[in-house]
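Visitor: Sequence:
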Amino acid sequence: MTRHHDIWMIGDIQGCCHALEDLLKHPDLSADRNRELWFAGDIVNRGPRSLETVRHIMGMRKKAVTVLGNHDLNLLAVAAGVRKPGKSDTIADILKAPDADEIITWLRHRPLAHYAHGHLLVHAGVLAKWDVDKTLALAGEVEAALRSPNWKRTLEKMYGNEPTDWRDDLGNNKRLRVIINALTRIRMCNKKGHMEFSYKNAPDDSTNGDLIPWFDVANRATVDHTIVFGHWSTLGLMIRPDAICLDTGCVWGGKLTALRLHDHKLVQVSCKQAQKP
Numbered sequence: 001m002t003r004h005h006d007i008w009m010i011g012d013i014q015g016c017c018h019a020l021e022d023l024l025k026h027p028d029l030s031a032d033r034n035r036e037l038w039f040a041g042d043i044v045n046r047g048p049r050s051l052e053t054v055r056h057i058m059g060m061r062k063k064a065v066t067v068l069g070n071h072d073l074n075l076l077a078v079a080a081g082v083r084k085p086g087k088s089d090t091i092a093d094i095l096k097a098p099d100a101d102e103i104i105t106w107l108r109h110r111p112l113a114h115y116a117h118g119h120l121l122v123h124a125g126v127l128a129k130w131d132v133d134k135t136l137a138l139a140g141e142v143e144a145a146l147r148s149p150n151w152k153r154t155l156e157k158m159y160g161n162e163p164t165d166w167r168d169d170l171g172n173n174k175r176l177r178v179i180i181n182a183l184t185r186i187r188m189c190n191k192k193g194h195m196e197f198s199y200k201n202a203p204d205d206s207t208n209g210d211l212i213p214w215f216d217v218a219n220r221a222t223v224d225h226t227i228v229f230g231h232w233s234t235l236g237l238m239i240r241p242d243a244i245c246l247d248t249g250c251v252w253g254g255k256l257t258a259l260r261l262h263d264h265k266l267v268q269v270s271c272k273q274a275q276k277p
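In UniProt numbering, the protein residues as written are 1 to 277.
By construction, these hints were calculated from the structure, which means they are not laboratory data.
Note that the Cβ used here is the ideal one computed from N, Cα and C, for glycine as well.
Heads up, a few of these hints could be off.
Stated by the list, open to error - Computed beta-carbon distance windows for the label pairs:
#1 L170 with D22: 21 to 27 Å
#2 D22 with N173: 39 to 45 Å
#3 D210 with A97: 42 to 48 Å
Unchecked claim - Pairs of lysine to aspartate or glutamate residues, derived as EDC-like cross-links and limited to a Cα-Cα distance of at most 20 Å, are as follows:
#4 K129 with D93
#5 K63 with D93
#6 K265 with E52
#7 K200 with D168
#8 K134 with D93
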């Protein structure tokens, strides 16, 4: 296993391969030959070089851990023919690439959650009811479905905001949807811990009303671990003992962020080919 001294955790790239290349050339990262990189999902889409980004990370093999984000799942859904590309999608180059099948297969085999050294890596967040073992087990259910011969059928059932809360007796389709929504889409919850998807800005007591960030829901079962996530560019860089957000809006003209796991050494590079919000 890679020592925790050698792990760098990286926020949402979203096809900004130039920023990824700049980040990996930074002296603090390039000097570490044994480094392992944890990518917090959304490695593709919206930015200009999604194909090069995914190929770059695939080439790292076991030196990279990549959890799936909502934009990565969107690519899988479009590839499966269950969703049409959106106007702002920039994944056509992947779908037309000669190695498209290999890329899609590789993505289907990425985890939705990864745990090591007291840190749980997910794209968006976790429900308050779930401890680390439960989160990993439920992520494993989705992972098994995406890796199965019927993976396209799984993606057909993925979209929708309901149910907003977890119950152990949920039927298969609702069950998978809640898991995917929590791990790849969650930002805010009501005080009962139920997911609410319409609010996408930074947390603000004056506008949220009864909504609170998922990581501040009372009695969260993962509070004694560090949850590392992206997905929330309006929240931006947040480093707490129990929660770390690494999405610093690279694709929107912000920065691409890397944080070393053991000492929170911070490295950021500017995005030079940003999209307009």
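Visitor: Work down the list of hints and note, for each, if the structure agrees.
Guide: Structure-based check of all given hints:
1. L170 with D22: 21 to 27 Å: violated (43 Å)
2. D22 with N173: 39 to 45 Å: With a Cβ separation near 42 Å, D22 and N173 satisfy 39 to 45 Å, so the hint holds.
3. D210 with A97: 42 to 48 Å: holds (46 Å)
4. K129 with D93: violated (40 Å)
5. K63 with D93: violated (25 Å)
6. K265 with E52: Given that 20 Å is the threshold and the Cα spacing comes to 27 Å, the pair is violated.
7. K200 with D168: The hint is violated at about 28 Å.
8. K134 with D93: Roughly 37 Å separates the two Cα atoms, so the pair is violated.
Against the hints set out earlier in the document, violations occur for numbers 1, 4, 5, 6, 7 and 8.
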